[in-house]
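Enquirer: These are the residues of each chain, in order.
Protein chains: 2
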Amino acid sequence: MLKKKGKYIVAVVGATGAVGNEMVATLEGRDFPVGSLRLFASERSEGKHLKFRDTDVSVETLNENCFRGIDIALFSAGAERSRIWAPIAVKSGCVVVDNSSQWRMDPEVPLVVPEVNPDDLKWHKGIIANPNCSTIQMVVVLKPIHDVAKIKRVVVTTFQSVSGTGQKAMDELLKQTTDLLNFKEITCNVYPHQIAFNVLPHIDKFLDNGYTKEEMKMVNETRKIIGDNSIRITATTVRVPVFRGHSESVNIETEKKLTANEVRAILSEAPGIVVFDAPHKNVYPLPVSIAGTDETYVGRIREDESIENGINIWIVADNLRKGAALNTVQIAERLVEMT
Amino acid sequence: MLKKKGKYIVAVVGATGAVGNEMVATLEGRDFPVGSLRLFASERSEGKHLKFRDTDVSVETLNENCFRGIDIALFSAGAERSRIWAPIAVKSGCVVVDNSSQWRMDPEVPLVVPEVNPDDLKWHKGIIANPNCSTIQMVVVLKPIHDVAKIKRVVVTTFQSVSGTGQKAMDELLKQTTDLLNFKEITCNVYPHQIAFNVLPHIDKFLDNGYTKEEMKMVNETRKIIGDNSIRITATTVRVPVFRGHSESVNIETEKKLTANEVRAILSEAPGIVVFDAPHKNVYPLPVSIAGTDETYVGRIREDESIENGINIWIVADNLRKGAALNTVQIAERLVEMT
Chain A
9 MLKKKGKYIV AVVGATGAVG NEMVATLEGR DFPVGSLRLF ASERSEGKHL
59 KFRDTDVSVE TLNENCFRGI DIALFSAGAE RSRIWAPIAV KSGCVVVDNS
109 SQWRMDPEVP LVVPEVNPDD LKWHKGIIAN PNCSTIQMVV VLKPIHDVAK
159 IKRVVVTTFQ SVSGTGQKAM DELLKQTTDL LNFKEITCNV YPHQIAFNVL
209 PHIDKFLDNG YTKEEMKMVN ETRKIIGDNS IRITATTVRV PVFRGHSESV
259 NIETEKKLTA NEVRAILSEA PGIVVFDAPH KNVYPLPVSI AGTDETYVGR
309 IREDESIENG INIWIVADNL RKGAALNTVQ IAERLVEMT
Chain B
9 MLKKKGKYIV AVVGATGAVG NEMVATLEGR DFPVGSLRLF ASERSEGKHL
59 KFRDTDVSVE TLNENCFRGI DIALFSAGAE RSRIWAPIAV KSGCVVVDNS
109 SQWRMDPEVP LVVPEVNPDD LKWHKGIIAN PNCSTIQMVV VLKPIHDVAK
159 IKRVVVTTFQ SVSGTGQKAM DELLKQTTDL LNFKEITCNV YPHQIAFNVL
209 PHIDKFLDNG YTKEEMKMVN ETRKIIGDNS IRITATTVRV PVFRGHSESV
259 NIETEKKLTA NEVRAILSEA PGIVVFDAPH KNVYPLPVSI AGTDETYVGR
309 IREDESIENG INIWIVADNL RKGAALNTVQ IAERLVEMT
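Chains as they are written, first to last, in the numbering used here: chain A, 9 to 347; chain B, 9 to 347.
Rather than coming from a laboratory, the hints here were simulated on the basis of the structure. Check each hint, because a few of them may be wrong.
Chain copies aren't distinguished; within one or between two, either way the pair holds.
[Claimed, not checked] Below, a list of computed lysine-lysine pairs in the DSS-like style, where the Cα atoms sit at most 25 Å apart:
| no. | residue 1 | residue 2 |
| --- | --- | --- |
| 1 | K12 | K130 |
| 2 | K289 | K221 |
| 3 | K158 | K56 |
| 4 | K133 | K12 |
| 5 | K176 | K289 |
| 6 | K264 | K160 |
| 7 | K13 | K221 |
| 8 | K192 | K176 |
| 9 | K213 | K289 |
| 10 | K265 | K160 |
Since we're looking at a predicted model, the values are computed, not measured.
Given these sequences and hints, build the entire structure.
Expert: In structure tokens form, the structure reads like this:
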């Protein structure tokens, strides 16, 4: 458990990746009580420096003893590194907030979105898992609806930006787009197919049931975070040629009838949500408009007349912020509040 | 009614648009029995020529008498021009196949997808309506499933390419992309917001119920074409930065249980459909892969375990071909067969 202190020694593991970079910026931007910051990455990044406040912080490599003295470690270095290094960090007395998929479904590890299930932080044993990006922005919206009208079923289709894959995918979208505009042959290294001017119904690996891991994350993580396994969910996750910001078309069936206006009112009051819903004025959330911001945006709220109690919602958030770095830092902030 | 002839005098109205161009190419490519071809467009296009077989055909403007002697007119010039000119063409003895939304929901006008409801051609009174692009590719897939297992409900989210809006939108996507890569300010003329590297949950005008016209077309046209008003449908239609090819994430609830393999078998046998479904080999339909082809492609076929009898399918087709020009020409071909 985190001890009460004025300032904390904070580590970011995977600091040079797209999310790691954003974690460092978020710690600074939200004025997290950082006494000192340690940055870790793989050997490829050795010798690099990142700016934090007015200082250059050099990037270190991980070793068995590197976590000694560190209070909080934010991990975003992939599932395999989290599997190996998070328990080592915990043994060194560190609290780990992990952005990988490694610990999310572990019954011993809370999976937390601070607006939704902050109380789950109380039973952590050293590791807290940060949910998948596409799940976070959806549960922020589902929870206040569930509290009022009990959600029975969700059908979601996503439009996910390439930054969800990482910096290399952003580079690939840029390179392919430039090459196509210059009538050059394109190459595909990050994705199995062209992403520029295309859409790929394929995020993460395929499982035996025909779904991708990403799709099953949306099913299983949502239930764990909301704490209700009776919610039925089916997902189709799609990569689109957008740099930053995930969008979701979400169809919700509730036990109790809600009008579109009631949903707007509920979500207007809910934490972390901004309602952008004036379609006749062309106002609805768009990934390019909200990139770089912290909130989860909702619009296109409509009653679905194909069932008795149905609602359609369009949800957009910055996948690097609320979908990753911000939610991780918000978890750390709650841990500090709880000391 | 069309009379039996060896060759027909065929007109294309709106010949210089993205769909009109494709209609001319499709008439030639499918070797439609064209005796002579007449091309019509607005005054802006006067003096233009289009290639058909080995001749240059000059573009004419419409007038009260221009349809005399013409057997079949394929219209793709917008709802307003169809409203005015289709009845004039019919009075001149012409059969009109209209690609606009003007006549689609008129109970006196059949709305036809040849693979789905060819028999509706029998009761036409001079005008036959071609459905909306996003509807056509969906009903081609829904019909064979409906025949076997009766569809109760459909939840669809679309990923529609800019060519559905027309040539100007394709130019806008190209221009905005080029400007962004060159760090220039972009301008939005066709769409109310940036389309490059973005997604817009807005296709056609907004209605009072919060849905767009495009979304309600998918609801109402699907029921009329399949001929079953008990099918419940809800749609969210989204524009994506893809030049050509519409993709759809379709969740289907049926009365009778179907396994994913049964759905694959049904669709493999169905007319106009190609099953591209080997996800472990990264095989699923993509808009850039199928652009310029005639079939409707399906993949990502999975059982939806959130309901008793549910299926998820990913459907992709070329919106200018099957979604517009091809379906129109296929209707004309059926009319010729019926003489």
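Enquirer: The structure should be examined with respect to each hint, and the outcome stated for every one.
Expert: Checked hints:
Taking the shortest Cα distances, K12 and K130 sit within 25 Å of each other inside one copy (15 Å), while across copies they are farther apart (81 Å). Taking CA atoms no more than 25 Å apart as the test, K289 paired with K221 passes between copies only; the shortest distance there is 16 Å, against 38 Å inside one copy. Proximity of K158 to K56 under the C-alpha cut-off of 25 Å is found in neither arrangement, the shortest distances being 49 Å within a copy and 61 Å between copies. For the homomeric pair K133 and K12, the shortest alpha-carbon distance inside one copy (17 Å) is at most 25 Å, but the shortest distance between copies (82 Å) is not.
For the identical chains of this complex, K176 and K289 are inter-copy neighbours only, at 22 Å across copies versus 37 Å inside a copy, given an alpha-carbon limit of 25 Å. Taking CA atoms no more than 25 Å apart as the test, K264 paired with K160 passes in both settings, with 10 Å inside one copy and 21 Å between copies. Taking CA atoms no more than 25 Å apart as the test, K13 paired with K221 passes in neither setting, with 39 Å inside one copy and 58 Å between copies. In this homomeric assembly, K192 and K176 come within 25 Å of each other (Cα to Cα) both inside a single copy, at 20 Å, and across copies, at 24 Å.
Taking the shortest alpha-carbon separations for K213 and K289, only the inter-copy value of 11 Å comes in at or below 25 Å, while the best intra-copy value is 40 Å. Both within a single protomer and between protomers do K265 and K160 lie at most 25 Å apart by alpha-carbon distance, with minima of 12 Å and 20 Å respectively.
In summary, the numbered hints that this structure violates are 3 and 7.
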